[in-house]
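Could you put the whole structure together from the sequences, leaning on the hints where they help?
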Amino acid sequence: DSGVTQTPKHLITATGQRVTLRCSPRSGDLSVYWYQQSLDQGLQFLIHYYNGEERAKGNILERFSAQQFPDLHSELNLSSLELGDSALYFCASSPGTGLGEQYFGPGTRLTVT
Amino acid sequence: EDQVTQSPEALRLQEGESSSLNCSYTVSGLRGLFWYRQDPGKGPEFLFTLYSAGEEKEKERLKATLTKKESFLHITAPKPEDSATYLCASKDYGQNFVFGPGTRLSVLP
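Sequences listed follow chains Z and R, in order.
This note's numbering puts the first sequence at residues 1 to 113.
This note's numbering puts the second sequence at residues 1 to 109.
Hints in this document: simulated from the structure, not taken from any laboratory.
Each hint should be verified, as a subset may be incorrect.
[Stated by the list, open to error] Non-contacting residues of chain Z with respect to chain R, defined by C-beta distances greater than 10 Å in every case (computed): (1) 4; (2) 7; (3) 14; (4) 27; (5) 55; (6) 65; (7) 67; (8) 69; (9) 73; (10) 75; (11) 77; (12) 83; (13) 113.
[Claimed, not checked] The following label-pair restraints were derived from C-beta to C-beta distances: (14) Z/12 to R/63: 36 to 44 Å; (15) R/80 to Z/109: 20 to 28 Å; (16) Z/69 to R/108: 42 to 50 Å.
All C-beta atoms, glycine included, are put in the ideal place defined by N, C-alpha and C.
In structure tokens:
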């Protein structure tokens, strides 16, 4: 158990809908990272927040947005969902800005029908 | 654009048969090279961070090395519980993480 929690575990929704994924980092970690993992694309870095501020953006679509709250938990919002958005979404946390290890959560499996 | 490739795509070993996994990277300004292990349906688990060419790190049966263009993960006398997908990832000075596609390792008893 990495200490990172993600909810929900599974999510099934229809195309065009909007969903919110939630992540609670390990106690004391200030950084939260979001990743998307699909069979054809592998693990793709989406976005990094450090202590409430956005630090880096990867391959995140404009339909997706994220934020980190004062209690350090983070939410990833996915809107206008398409079939191709079906994937495992992981969040990870680290104490600093990622030069060391990242601790990954168990993931949220999103299925868009 | 930063790129990370891994080979082989899949590897089957007998228990005790040592081997190496390769990670090739093209990154302008490498800040760190990371190795992770991922079991099916679970989040990746951190193994190593390497920062500069020539650096080596070891953990149990695993040893990671780094050159200016590649990293190797050497597995000595593997056991069935080492079966997993091994991912490498690079981080550049722009804070961007790029993961490779992974090597699926199966160790047969």
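Here is how each hint holds up against the structure:
1. 4: At roughly 8 Å from the nearest Cβ of chain R, residue 4 of chain Z sits no farther out than 10 Å, so the non-interface label is violated.
2. 7: holds (14 Å)
3. 14: holds (24 Å)
4. 27: Non-interface label on residue 27 of chain Z holds, nearest chain R Cβ at 17 Å vs cutoff 10 Å.
5. 55: violated (6 Å)
6. 65: holds (18 Å)
7. 67: Consistent with the label, residue 67 of chain Z stays out of reach of chain R, its closest Cβ about 18 Å off (over 10 Å).
8. 69: Its Cβ never comes within 10 Å of chain R, the nearest being 21 Å, so this holds.
9. 73: holds (17 Å)
10. 75: Holds: least Cβ distance 18 Å, greater than 10 Å.
11. 77: holds (21 Å)
12. 83: Non-interface label on residue 83 of chain Z holds, nearest chain R Cβ at 21 Å vs cutoff 10 Å.
13. 113: Nearest chain R Cβ is 20 Å from residue 113 of chain Z, so the label holds.
14. Z/12 to R/63: 36 to 44 Å: Since the Cβ atoms of residue 12 of chain Z and residue 63 of chain R sit about 43 Å apart, the hinted range of 36 to 44 Å holds.
15. R/80 to Z/109: 20 to 28 Å: holds (27 Å)
16. Z/69 to R/108: 42 to 50 Å: holds (47 Å)
This entry does not satisfy hints 1, 5, going by the numbered hints stated previously.
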